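J.: Which chain is which? The protein sequence lines are X and W, in order.
The first sequence begins at 1 in the numbering used here and counts up one residue at a time.
The second sequence begins at 1 in the numbering used here and counts up one residue at a time.
Please keep in mind that the hints were generated in silico from the structure rather than gathered at the bench.
Be aware that a few hints might be false.
Put simply, identical chains are the same to the list, so a pair is met inside one copy or across any two.
Keeping only pairs whose Cα atoms sit at most 25 angstroms apart, straight-line, the calculated SDA-like set for lysine to any residue is [claimed, not checked]:
1) LYS60 / LEU323
2) LYS417 / SER140
3) LYS417 / THR158
4) LYS417 / ASN134
5) LYS60 / ILE327
6) LYS135 / ASP160
7) LYS135 / HIS419
8) LYS135 / PRO161
9) LYS135 / THR104
10) LYS452 / ALA560
11) LYS135 / PRO102
12) LYS60 / HIS596
13) LYS60 / CYS47
14) LYS135 / GLU101
15) LYS135 / ASN99
16) LYS135 / ASP113
17) LYS135 / VAL482
18) LYS135 / PRO416
19) LYS60 / PHE330
20) LYS135 / GLU285
21) LYS135 / MET114
22) LYS135 / SER483
23) LYS60 / ASP335
24) LYS60 / GLN597
25) LYS254 / LYS452
26) LYS417 / ARG116
All of these numbers come straight from a predicted model, not from anything done at the bench.
Number of protein chains: 2
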Amino acid sequence: MNRNVVFTFFLFCFVTICRGSGTDIALDAKATLLHRIDSLNLLIYTCLLTLTVLTIWVFKHRRVSWLHETGLAVIYGLIVGAIIRYAGSTNHITHINVNPEPGTTYNLSVPPDMLRFHFPASLPITPGDSPIANKTYAYSFRGEIVNVEQNEIDLKATFDPEIFFNIILPPIIFHAGYCLKRKYFFRNLGAILTFAMVGTALSALVIGALMYGCVQLMPASLASSFTFLDTLYFGALISPTDPLTVLAIFSQLKVDVNLYAMIFGESVLNDAVALVLSGAIQNYETRYSHDGGFEISGFLGAIGDFIGIFSLSLLVGALMGCLTALISKFTHVRDWPLLESALFVLMSYAAFLIAEVCELTGVVAVLFCGICQAHYTYNNLSSDSRNRTKQLFELLNFLAENFIFTYIGVSMFTFPKHHFDPWFIIAGFITSMLGRAVNIYPLSFLLNLGRKPPIPVNFQHMLFFSGLRGAMSFALAIRNTVSEARQAMLTTTSMIVIATVVLQGGAATHALDYLRIPTGQGSNEESEALPYRDVRSDTPRGGGDAGGGQKARLARVWGALDSRLLKPLLTHARPPLTETLPAFMRPVARLLTTTHQYTQGDNTLRRTDSDSDLCIDDPQIPSSIDPQLSINIRNGYGHV
Amino acid sequence: MNRNVVFTFFLFCFVTICRGSGTDIALDAKATLLHRIDSLNLLIYTCLLTLTVLTIWVFKHRRVSWLHETGLAVIYGLIVGAIIRYAGSTNHITHINVNPEPGTTYNLSVPPDMLRFHFPASLPITPGDSPIANKTYAYSFRGEIVNVEQNEIDLKATFDPEIFFNIILPPIIFHAGYCLKRKYFFRNLGAILTFAMVGTALSALVIGALMYGCVQLMPASLASSFTFLDTLYFGALISPTDPLTVLAIFSQLKVDVNLYAMIFGESVLNDAVALVLSGAIQNYETRYSHDGGFEISGFLGAIGDFIGIFSLSLLVGALMGCLTALISKFTHVRDWPLLESALFVLMSYAAFLIAEVCELTGVVAVLFCGICQAHYTYNNLSSDSRNRTKQLFELLNFLAENFIFTYIGVSMFTFPKHHFDPWFIIAGFITSMLGRAVNIYPLSFLLNLGRKPPIPVNFQHMLFFSGLRGAMSFALAIRNTVSEARQAMLTTTSMIVIATVVLQGGAATHALDYLRIPTGQGSNEESEALPYRDVRSDTPRGGGDAGGGQKARLARVWGALDSRLLKPLLTHARPPLTETLPAFMRPVARLLTTTHQYTQGDNTLRRTDSDSDLCIDDPQIPSSIDPQLSINIRNGYGHV
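Chain X extracted, bound-state conformation:
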């Protein structure tokens, strides 16, 4: 409506007043049009998200639990994508072929960054129009055109895939790291690491090999377009899980926290593993392989890539997290919560950027930065900053997550590089299921050999069932769509994501029932919430949770290091370093201990010394607030 008013107004101005210089206005109008299309695209997604939020409110209000917001976002996305595809007008990109000017000297082996183009110069413009002045225009490099015939780019509701890795994924992954239920995470560390590291690699290998076999059985045209590296890449990108819906139902129904920790911890870490793994496979392809075949030296190089990039990214993230903890411990910046929150956000973002600048993986760095921030820095923050950072990242995570699922839906129809290949899609569905099974059952068997409370069979089934695919798989698939093989992978990945999120997510409650997994573990949840209230951390972390389940060996080693060195160094936790370090280190220890750490027993208002077992996933409650209000806050919207 407004648009028409403005349009009429402009038309009126135009007709009555002016006839300016033609090209300038046309060019201006073109720039405006492009900006408007960009804004319109964003507006579509904003409206879709608004719609999702409102519908989800209705669902929550009416206690509908078979559809999570991500599932709804996908469905709305699909509907709107179909409408845009079949009803919208197209905005094609105009293009012409050019040659260098005669006599140009240029002696680099890469194409130039920019072309300068005289227009219209020698081009035959339709006669009758007023003559157009010659001008020089700049054109900047975009990329290689593989299929010259098929390069009509639509400006319809699509974005540069790199925004996922630089804008959408970082807050999601950081939030995941910042939210790890730490007590149970560290208690199940062995199982989580096994599933995430070994399991993901195994799953990628199995899926890659099976897909390669399937592809060989298919029509020859298809078989020839896939190399083993391609299918292995597919295996790597389809392996990470994203069980948002399942986890939301878990926390709603209060399912066993160990199972929750295993599923959540695995899904957080396998994103990172898959990202680095797929990067290593891609590097192998461009750097080490001459013909797409297998070479032992290249294989070792790719494994070196994987280990090097993963561990260095981890290091960058963890160091930035610890640096933030040190700053927040030794300065009194927490007297100004806004400054403190800004510092927290800036340092976390710096971890991402440093990793990217060093050609490492920013998303992995941000994950481990988030874990360190939650484990150390969070304890030093003022209560205002705790709420602020938690709420900020919760909101960012909510928006980013739903945006990506909406985009998966919309892009099914609008992304121009889809390639529907029924055989590949069917094979993809079957192998990705098999890959998940290979990830869970054999490894659970091996883990149970050494684990004190073994993983029960119904838990294993639930782990298998929680293999929903999500944001990371999609982002990896859409990153590279140059060949037909890659396009078929994108289509298959999109369909697997949509199917698992909507169908598996919707059936999660029934699966819990069917597998007879106990729900409503009020007592268990209670014992987790308890330390939050009464612990003043006078008991060292290592000995504090004897009452809970058995701890994994790995967790015990880590716990000792953590409670004796890292926590006293990076937070205000007791015992101070002066008590835990050997005698000859005392002078250094004294330097690194704050007076707060010696005297904190007196402080009753600020819970800066909160225990690492604090579950920051809980609805945050200021420590001295009346119980009635806290009940009201508790009724609010918990963690996704």
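Since the structure of chain X is already known, use the hints to place chain W on it.
T.: Structure of chain W alone, referenced to chain X:
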């Protein structure tokens, strides 16, 4: 350090293992390099902001008040900009000139969106290298090259100016709207509107005319490059004020709230006015003017543009704000604070996007959306969402504001299109000061003729003194730097911004002393905070503040409309519409009144019915919290 490790590792892999296909790797390395440069640029700003935060903490800790964080951000920016300029290596853009392929048919009057370029094809590549396969690359349209000789673009710490209008300014402006101290804002509405609307236009005109005169007196080469429209544009862009530093000192020293409201209100609105005004001048240039001279019809058209775009943008923003209020009133989405906050953010962002899609001004829409959100929606939100939205935008505003000031500093040295012209700079400083004087003194005189408590002379001096220039001026100046005249304007604007923020900002405390403006108005501040605690809004707004100063006539009309129609319609405030609307409207009124509105007297815990006089600028305190904690929160970092 990490970088070297990675580099060595890669080098090792390279040397020992592979020699892949040359161009692919070179191209890949180039893409990686560009991404790394982008990340590095962002990292520089992130580190600068971190440094600013830490230094400001030290300053606050040591009670240094002569330097605000924006001033510090500028200074750090200048230092780092100088280092990058004189120490950093350059990354020049390579370019070649191209012609269309023979036989190309193309008959549009605008240049094509994309060029396709075969490389290397006929280009003479240095012999001796291995032959490079021919490939086709895509190049996308960037813009006109005005000065063909001088188009070396550095990739050094500069960003596309449009990010200011689409990413940096919206949260700043929204926050300003969301934070208006509403009681005093509406009480001084007449003065604020006069200064912001009439004053800014007057100031732009005076500065434009004076600058044109000055330019004519200068050497001929300079005089010929400036048209009257150019200097008028300069007048428009240098007129908006941004007295962040002054306002921070005001709230620290508790200066008279009416003066605070006038300065803050004016600075918020004149940004919007200047933005639309400069847009209208630019439109005049491209649409209505044939030779840069004056035409009465074009002038009227430009005025029509100004009024049309401003009021339509206002309408879009206000409607979106009211729509959010309606949704939050009639649904129970506030039971899930995360959904509610997400809805709030999405709707506010939609206001920006809708305005941009309609070729209106998104920033203006977002401003009025923010005002409506604060005036209506805020009262419907759950207390969790109130904190969350307030803290979110406070943080975004803090980061965006300091980013832009850092960028002003850095770009002084790194932006390639600066043009230092001493005469123009001196003239700019003098005329911008005169323009501010013309804005304040004559209009204050006129206002005092009708105003009950007149604006005292020392308040007028303070208004004059608060004419710091800031983010909006800079963003407008850097938006268009095609001609030498525009480049001189950018340089002058940058210098005026830096000088006023650092020097005038630093001298603000002394100016308050010198002008004998009373500080420490504890009682006045108290009377403002009072309604926040005890009003349950049972008294209609129109009659509730007889104790304060006299209200402007405009404010009274608005107040009546607001309290009888808008507030009861959009919020849960009393009296309900059933009491304020005429009898024949009762059925509609009953439909639009919630049961909550009838029964709210019983509700003692939730202050959803809070008065419009609520100053959301105060540190937020949950209503039922113990006094000791609230004192602790109060000591936190208040509003900037």
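J.: Could you run down the list of hints and mark each one as holding or not?
T.: Results of checking the hints against the structure:
Proximity of LYS60 to LEU323 under the C-alpha cut-off of 25 angstroms is restricted to the inter-copy arrangement: shortest distance 22 angstroms between copies versus 41 angstroms within a copy. Within a single copy, LYS417 and SER140 get their C-alpha atoms as close as 22 angstroms, and across copies as close as 19 angstroms, so both meet the 25 angstroms cut-off. Taking identical chains as interchangeable, the C-alpha atoms of LYS417 and THR158 lie at most 25 angstroms apart only when both belong to the same chain, with a minimum of 11 angstroms there against 33 angstroms between chains. Within a single copy, LYS417 and ASN134 get their C-alpha atoms only as close as 36 angstroms, which misses the 25 angstroms cut-off; across copies the closest is 24 angstroms, which meets it.
In the homo-oligomer, the alpha carbons of LYS60 and ILE327 lie at most 25 angstroms apart only across protomers (16 angstroms), although the nearest pairing inside one protomer, at 41 angstroms, exceeds that limit. Taking the shortest Cα distances, LYS135 and ASP160 sit within 25 angstroms of each other only across copies (22 angstroms), while inside one copy they are farther apart (29 angstroms). In this assembly of identical chains, LYS135 and HIS419 lie within 25 angstroms of each other by CA distance solely across copies; the values are 23 angstroms between and 40 angstroms within a copy. Within a single copy, LYS135 and PRO161 get their C-alpha atoms only as close as 33 angstroms, which misses the 25 angstroms cut-off; across copies the closest is 23 angstroms, which meets it.
In this assembly of identical chains, the alpha carbons of LYS135 and THR104 lie at most 25 angstroms apart whether taken from the same copy (19 angstroms) or from different copies (18 angstroms). In this homomeric assembly, LYS452 and ALA560 come within 25 angstroms of each other (Cα to Cα) only inside a single copy, at 20 angstroms, whereas the closest approach across copies is 73 angstroms. With identical chains, the CA atoms of LYS135 and PRO102 are at most 25 angstroms apart both within one copy (19 angstroms) and between copies (19 angstroms). Taking the closest pair of Cα atoms, LYS60 and HIS596 come within 25 angstroms of each other only across two copies (21 angstroms); inside a single copy the shortest separation is 45 angstroms, beyond that limit.
Taking the shortest Cα distances, LYS60 and CYS47 sit within 25 angstroms of each other inside one copy (20 angstroms), while across copies they are farther apart (42 angstroms). In the homo-oligomer, the alpha carbons of LYS135 and GLU101 lie at most 25 angstroms apart both inside one protomer (16 angstroms) and across protomers (18 angstroms), since each shortest distance falls under that limit. Taking CA atoms no more than 25 angstroms apart as the test, LYS135 paired with ASN99 passes in both settings, with 18 angstroms inside one copy and 13 angstroms between copies. Proximity of LYS135 to ASP113 under the C-alpha cut-off of 25 angstroms is found in both arrangements, the shortest distances being 20 angstroms within a copy and 15 angstroms between copies.
Taking the shortest Cα distances, LYS135 and VAL482 sit within 25 angstroms of each other only across copies (14 angstroms), while inside one copy they are farther apart (34 angstroms). In this homomeric assembly, LYS135 and PRO416 come within 25 angstroms of each other (Cα to Cα) only across copies, at 22 angstroms, whereas the closest approach inside a single copy is 33 angstroms. For a Cα distance limit of 25 angstroms, the shortest separation of LYS60 from PHE330 across copies, 16 angstroms, qualifies, whereas the shortest one inside one copy, 44 angstroms, does not. Taking the shortest alpha-carbon separations for LYS135 and GLU285, only the inter-copy value of 19 angstroms comes in at or below 25 angstroms, while the best intra-copy value is 43 angstroms.
In this homomeric assembly, LYS135 and MET114 come within 25 angstroms of each other (Cα to Cα) both inside a single copy, at 16 angstroms, and across copies, at 16 angstroms. In this homomeric assembly, LYS135 and SER483 come within 25 angstroms of each other (Cα to Cα) only across copies, at 15 angstroms, whereas the closest approach inside a single copy is 37 angstroms. In the homo-oligomer, the alpha carbons of LYS60 and ASP335 lie at most 25 angstroms apart only across protomers (10 angstroms), although the nearest pairing inside one protomer, at 39 angstroms, exceeds that limit. In this assembly of identical chains, LYS60 and GLN597 lie within 25 angstroms of each other by CA distance solely across copies; the values are 24 angstroms between and 45 angstroms within a copy.
Only within a single protomer do LYS254 and LYS452 lie at most 25 angstroms apart by alpha-carbon distance; the minimum there is 23 angstroms, versus 64 angstroms between protomers. For the homomeric pair LYS417 and ARG116, the shortest alpha-carbon distance between copies (19 angstroms) is at most 25 angstroms, but the shortest distance inside one copy (29 angstroms) is not.
Against the hints set out earlier in the document, no violation occurs for any number.
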